[in-house]
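Chain B: place on chain A using the hints.
There are 2 protein chains.
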Amino acid sequence: MSQYWSKLVHSLTPYVPGEQPKSKNMIKLNTNENPYPPSPKSLQAIHEAANEGLRLYPDPNSDLLKQSIAHYYTLEAKQIFVGNGSDEVLAHIFQALLKHDAPLLFPDISYSFYPVYCGLYGIDYKNIPLNNNFEIDINDYNQANGGIIFPNPNAPTGIGLALESIEILLQQNPSSVVVIDEAYIDFGGVSAVPLINTYPNLLVVQTLSKSRSLAGLRVGFAMGHPDLIQALVRVKDSFNSYPLGKPATQGATAAINDKTYFLDICARIIATREKLTLQLEELGFEVLPSQANFVFAQHPKHRALTLAQALRDNHIIVRHFKAARIDNYLRITVGTDAESEQFIQSLTDIISSMA
Amino acid sequence: MSQYWSKLVHSLTPYVPGEQPKSKNMIKLNTNENPYPPSPKSLQAIHEAANEGLRLYPDPNSDLLKQSIAHYYTLEAKQIFVGNGSDEVLAHIFQALLKHDAPLLFPDISYSFYPVYCGLYGIDYKNIPLNNNFEIDINDYNQANGGIIFPNPNAPTGIGLALESIEILLQQNPSSVVVIDEAYIDFGGVSAVPLINTYPNLLVVQTLSKSRSLAGLRVGFAMGHPDLIQALVRVKDSFNSYPLGKPATQGATAAINDKTYFLDICARIIATREKLTLQLEELGFEVLPSQANFVFAQHPKHRALTLAQALRDNHIIVRHFKAARIDNYLRITVGTDAESEQFIQSLTDIISSMA
Numbered sequence: 001m002s003q004y005w006s007k008l009v010h011s012l013t014p015y016v017p018g019e020q021p022k023s024k025n026m027i028k029l030n031t032n033e034n035p036y037p038p039s040p041k042s043l044q045a046i047h048e049a050a051n052e053g054l055r056l057y058p059d060p061n062s063d064l065l066k067q068s069i070a071h072y073y074t075l076e077a078k079q080i081f082v083g084n085g086s087d088e089v090l091a092h093i094f095q096a097l098l099k100h101d102a103p104l105l106f107p108d109i110s111y112s113f114y115p116v117y118c119g120l121y122g123i124d125y126k127n128i129p130l131n132n133n134f135e136i137d138i139n140d141y142n143q144a145n146g147g148i149i150f151p152n153p154n155a156p157t158g159i160g161l162a163l164e165s166i167e168i169l170l171q172q173n174p175s176s177v178v179v180i181d182e183a184y185i186d187f188g189g190v191s192a193v194p195l196i197n198t199y200p201n202l203l204v205v206q207t208l209s210k211s212r213s214l215a216g217l218r219v220g221f222a223m224g225h226p227d228l229i230q231a232l233v234r235v236k237d238s239f240n241s242y243p244l245g246k247p248a249t250q251g252a253t254a255a256i257n258d259k260t261y262f263l264d265i266c267a268r269i270i271a272t273r274e275k276l277t278l279q280l281e282e283l284g285f286e287v288l289p290s291q292a293n294f295v296f297a298q299h300p301k302h303r304a305l306t307l308a309q310a311l312r313d314n315h316i317i318v319r320h321f322k323a324a325r326i327d328n329y330l331r332i333t334v335g336t337d338a339e340s341e342q343f344i345q346s347l348t349d350i351i352s353s354m355a
Numbered sequence: 001m002s003q004y005w006s007k008l009v010h011s012l013t014p015y016v017p018g019e020q021p022k023s024k025n026m027i028k029l030n031t032n033e034n035p036y037p038p039s040p041k042s043l044q045a046i047h048e049a050a051n052e053g054l055r056l057y058p059d060p061n062s063d064l065l066k067q068s069i070a071h072y073y074t075l076e077a078k079q080i081f082v083g084n085g086s087d088e089v090l091a092h093i094f095q096a097l098l099k100h101d102a103p104l105l106f107p108d109i110s111y112s113f114y115p116v117y118c119g120l121y122g123i124d125y126k127n128i129p130l131n132n133n134f135e136i137d138i139n140d141y142n143q144a145n146g147g148i149i150f151p152n153p154n155a156p157t158g159i160g161l162a163l164e165s166i167e168i169l170l171q172q173n174p175s176s177v178v179v180i181d182e183a184y185i186d187f188g189g190v191s192a193v194p195l196i197n198t199y200p201n202l203l204v205v206q207t208l209s210k211s212r213s214l215a216g217l218r219v220g221f222a223m224g225h226p227d228l229i230q231a232l233v234r235v236k237d238s239f240n241s242y243p244l245g246k247p248a249t250q251g252a253t254a255a256i257n258d259k260t261y262f263l264d265i266c267a268r269i270i271a272t273r274e275k276l277t278l279q280l281e282e283l284g285f286e287v288l289p290s291q292a293n294f295v296f297a298q299h300p301k302h303r304a305l306t307l308a309q310a311l312r313d314n315h316i317i318v319r320h321f322k323a324a325r326i327d328n329y330l331r332i333t334v335g336t337d338a339e340s341e342q343f344i345q346s347l348t349d350i351i352s353s354m355a
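So the sequences go chain by chain: A and B. With our numbering, letter number 118 in the first sequence gets 118, and the count goes up by one each step, no holes. With our numbering, letter number 345 in the second sequence gets 345, and the count goes up by one each step, no holes.
In case anyone wonders, no lab produced these hints; they're calculated from the structure. Keep in mind that the hints are not guaranteed to be accurate.
Since the list can't tell identical chains apart, any single copy or any two copies may satisfy a pair.
Calculated lysine-lysine pairs in the DSBU-like style (CA-CA distance at most 30 Å, straight line) [said to hold, decoys possible]:
id	residue 1	residue 2
1	Lys322	Lys22
2	Lys275	Lys7
3	Lys275	Lys24
4	Lys7	Lys126
5	Lys301	Lys41
6	Lys301	Lys22
7	Lys7	Lys259
8	Lys322	Lys301
9	Lys78	Lys22
10	Lys24	Lys78
11	Lys41	Lys24
12	Lys322	Lys78
13	Lys7	Lys78
14	Lys22	Lys7
15	Lys41	Lys22
16	Lys126	Lys24
17	Lys126	Lys322
18	Lys22	Lys126
19	Lys322	Lys7
20	Lys41	Lys78
21	Lys259	Lys301
22	Lys41	Lys7
23	Lys78	Lys259
Same shape as in the complex, but just chain A:
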């Protein structure tokens, strides 16, 4: 607290990210990182960016990266906005497109950064409860609103929403921007990108932190009608002319272009997830059906927090949220097959010792 702080700073409740332990001796299944390395072509591109050209400012518009994303998704570059991780992209979206008189709607169980952005920009919002199966029911969003946002697949549940439902939502809310946060879409969900040319109120957000294994590089993007993109550009150009440095732009571009590697590691993660789900069910867990690179599970006889602490004693970190409705669940990132086996072995031992 300080007399020098603006009123806003006093009122903020900042987001708390998952732990990044400084010890290397941990199996890290807590922040939904990819267990496989980035594309070798991406690493090579970052190497090549580390040259004397770094003395110069980067392209403020990151045209190279926008063109690659546009090509990947058969869109035009003017339908793409890029930023310093999808968190920055989301921040600009909240300020530019989701602040209106009517409240913003998002699920009660969802990415916990959303209410933080609302606090940062003074946006009125309303939580819409997931149904009893932890699913988004689009009928619940049929009310006055200044925008709608949710992850698809949702986090931390992992449950996906069908494209047909998203299309109905877009039709029912022609005056609102509907933001589909597709951080985890590449692990089995169906992207809303093909709807972009039909619905001027659709904005799709993606990140390179998960499926492209580049959490340490910080690149995310949004796709939608050029009018929506223009709003984001106006905010970005009033905040930071150059959000992406050359290593980020060049590494991200190479990662987007290396589709073969990307599809391969996504397929491996999906296969490990399906095996992990069965193994957890054999241990008595209830596992929500996941289309993401994590599973969300609870055990009818054991408290999630107790299990998380016991796993940590065995050098395995998973994520536990203290929020209502989900405080007995664990969110477990899908690791390599070897990490997954070691996790299941530890968990089996822990549960046996508690029986």
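For chain B alone, coordinates are given in the frame of chain A:
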């Protein structure tokens, strides 16, 4: 314009950065970049960061970099805030520390991003005219205010303010945050950092884009009392948990640690600036006394815009601002000795042809 835009987006007047030409055949003296490459140790560190560890999120607090900056300036890490270029750091400062009931004060001729930030965050501000010598007169700031900010040396004039004047300003404004934007301090100015432990209202901002030749990497930082830093952390943690990726943090840390290389290139730029100033004066220019890596000059007989266009025809880009009081000046970045000679030769030819 779009029905989906927030009210704010309609009202913004974004910043327009200097041109980054895509052609390589230009002598680029328009955006105050360093003519020398980054420290080889910095490039090596970025190479080393391009490894499989990029699959993991970076340290959200960039502790490694904060410790290096703290060590360099004999401060504590809790007195350091780091961000994605000093533009992002400044944006957070405006939102966190400069929005109060009384207007923010800054010079009429100054970094033209300041009024843009005010627009982004709804901050009331008042321009204080530089005196007739284009200097900041601290007596002009002796009025009710919600904060004071200016670059030192000032941009685009290059004129520095004495440390004694900054100290009087801090004493005269104990209830306001005074931000000294030291983007160009390493080219001959006197830093206000030694005042930080005495004045809890002082915040000093620096960047690695100029004196460390890392404009393409995007790293900046602020230094001040831990209460001020805490306000910035609260905003950052409500905006983007991880503003700096691993290549940025590691490259910046190595650059800060390589003091020998840094001092050498700064000395070379200062020497070239002094020679350039004399050469411009010989051509009849009035050159403001610069402590930066650029000079600000006007010719009594030739229009700045005409000269800039003629230089461009010769593949040399300098910056011209259309603002009042300075629209007949050129801002010329100090290049290498060879670039500087070529610039003077071109300018000599242009002026001869106009005589």
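| task | Would you list, in rising numerical order, the hints stated earlier that this structure does not obey? | result | 2, 5, 6, 7, 14, 16, 18, 21, 22
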